[in-house]
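Enquirer: As a plain string of letters, each chain reads:
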Amino acid sequence: MSIKRHEPTKIYSTAVEANGFVFLAGITPKTLTKDVKAQSEEVLAEIDRLLKATGSDKSKIVTATIWLTDIRNREAMNEAWTAWNGGKDLPARACVEAKLADPRMLVEIQVTAAK
Amino acid sequence: MSIKRHEPTKIYSTAVEANGFVFLAGITPKTLTKDVKAQSEEVLAEIDRLLKATGSDKSKIVTATIWLTDIRNREAMNEAWTAWNGGKDLPARACVEAKLADPRMLVEIQVTAAK
Amino acid sequence: MSIKRHEPTKIYSTAVEANGFVFLAGITPKTLTKDVKAQSEEVLAEIDRLLKATGSDKSKIVTATIWLTDIRNREAMNEAWTAWNGGKDLPARACVEAKLADPRMLVEIQVTAAK
Numbered sequence: 001m002s003i004k005r006h007e008p009t010k011i012y013s014t015a016v017e018a019n020g021f022v023f024l025a026g027i028t029p030k031t032l033t034k035d036v037k038a039q040s041e042e043v044l045a046e047i048d049r050l051l052k053a054t055g056s057d058k059s060k061i062v063t064a065t066i067w068l069t070d071i072r073n074r075e076a077m078n079e080a081w082t083a084w085n086g087g088k089d090l091p092a093r094a095c096v097e098a099k100l101a102d103p104r105m106l107v108e109i110q111v112t113a114a115k
Numbered sequence: 001m002s003i004k005r006h007e008p009t010k011i012y013s014t015a016v017e018a019n020g021f022v023f024l025a026g027i028t029p030k031t032l033t034k035d036v037k038a039q040s041e042e043v044l045a046e047i048d049r050l051l052k053a054t055g056s057d058k059s060k061i062v063t064a065t066i067w068l069t070d071i072r073n074r075e076a077m078n079e080a081w082t083a084w085n086g087g088k089d090l091p092a093r094a095c096v097e098a099k100l101a102d103p104r105m106l107v108e109i110q111v112t113a114a115k
Numbered sequence: 001m002s003i004k005r006h007e008p009t010k011i012y013s014t015a016v017e018a019n020g021f022v023f024l025a026g027i028t029p030k031t032l033t034k035d036v037k038a039q040s041e042e043v044l045a046e047i048d049r050l051l052k053a054t055g056s057d058k059s060k061i062v063t064a065t066i067w068l069t070d071i072r073n074r075e076a077m078n079e080a081w082t083a084w085n086g087g088k089d090l091p092a093r094a095c096v097e098a099k100l101a102d103p104r105m106l107v108e109i110q111v112t113a114a115k
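So the sequences go chain by chain: A, B and C. Position 38 of the first sequence, counting from 1, maps to 38 under this note's numbering, and the rest follow consecutively. Position 22 of the second sequence, counting from 1, maps to 22 under this note's numbering, and the rest follow consecutively. Position 56 of the third sequence, counting from 1, maps to 56 under this note's numbering, and the rest follow consecutively.
Think of the hints as simulated: they come from the structure by calculation, not from any bench. What you are looking at is a predicted structure, and each value in this text was computed from that prediction instead of being measured. Relax, there's no trap hidden among the hints.
The list makes no distinction among identical chains, and a pair is therefore deemed to hold if it is satisfied within one copy or across any two copies.
Here are the simulated SDA-like pairs of lysine to any residue, each with C-alpha atoms no more than 25 Å apart in a straight line: (1) Lys10 / Asn85; (2) Lys34 / Ala76; (3) Lys10 / Gly86; (4) Lys58 / Lys88; (5) Lys88 / Ile3; (6) Lys60 / Met1; (7) Lys10 / Asn73; (8) Lys30 / Arg72; (9) Lys30 / Arg5; (10) Lys58 / Lys115; (11) Lys60 / Arg5; (12) Lys30 / Thr82; (13) Lys4 / Ala83; (14) Lys4 / Ala114; (15) Lys37 / Lys52; (16) Lys52 / Asn85.
When you get a sec, could you build the whole thing from the sequences and use the hints?
Expert: If you want it as structure tokens, here you go:
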């Protein structure tokens, strides 16, 4: 068993590989002035980048957890979600409401992929 | 490594198999007029069905996340939970409060099982 | 495939081993009069104990979910977090706000480790 950790910050690793899985951190948007759809697009693009850096990719995501600061933003987030994955290779998913680290963050997405 | 996806909706797969695990989506009740105990029973019955469809079953659940729209409903949900698993083969579990996709949904349960 | 369950309560197992992973339950503090930093220290010490009991340890944590009843307590929790892991072998992580089982609980932490 070996564990490989990628792009550590001071408090977490952005991605961790172990036993055939890649665990990403909960990814939040950096451009906090954007609306929820644009924030979702930014988060999903960053997930793409991180998965590729570990040798996995979005077609291999097995499960996703999505937190929205307002669950009524689910449709707008889903527009970005579906544009991103094209309705293919869809992971299991849960999407619930929660306050996030910064009140301007409207969405946080965490995925686990196989590789 | 192979990934098998089951019962996809437009936005997620209801179950995903990879590397010896089955990841279910967060399952919500369909009968939204029921109380939290009855909604929990309905969700747990659906989890049963989904796990069996993948070749796993409730005795192999390794972890569960439960979201309640009102954490004070924990006891009522636990009555359904314990009647369902009989106190046997219990998974690791976390249960927290969160608003869900529809305000009439009182509970959402997501499990990961081995197979 | 074999599943090993540790320290079951009436409703969940405190740790479950399967396929090279250890899934811990969401761990909450027992001393509910403490502040969030001290509650976090207590939770992290219990996670240490549980991982060691399964033959894993905190250097092998792959992902962590942290729920705070007030997201503004993130900094205080992070002080305990960083003192505990020393900035080494950091897992992927998500930290969001949620109400917990008892209103005096300020933090709940759930980890998955490799072993």
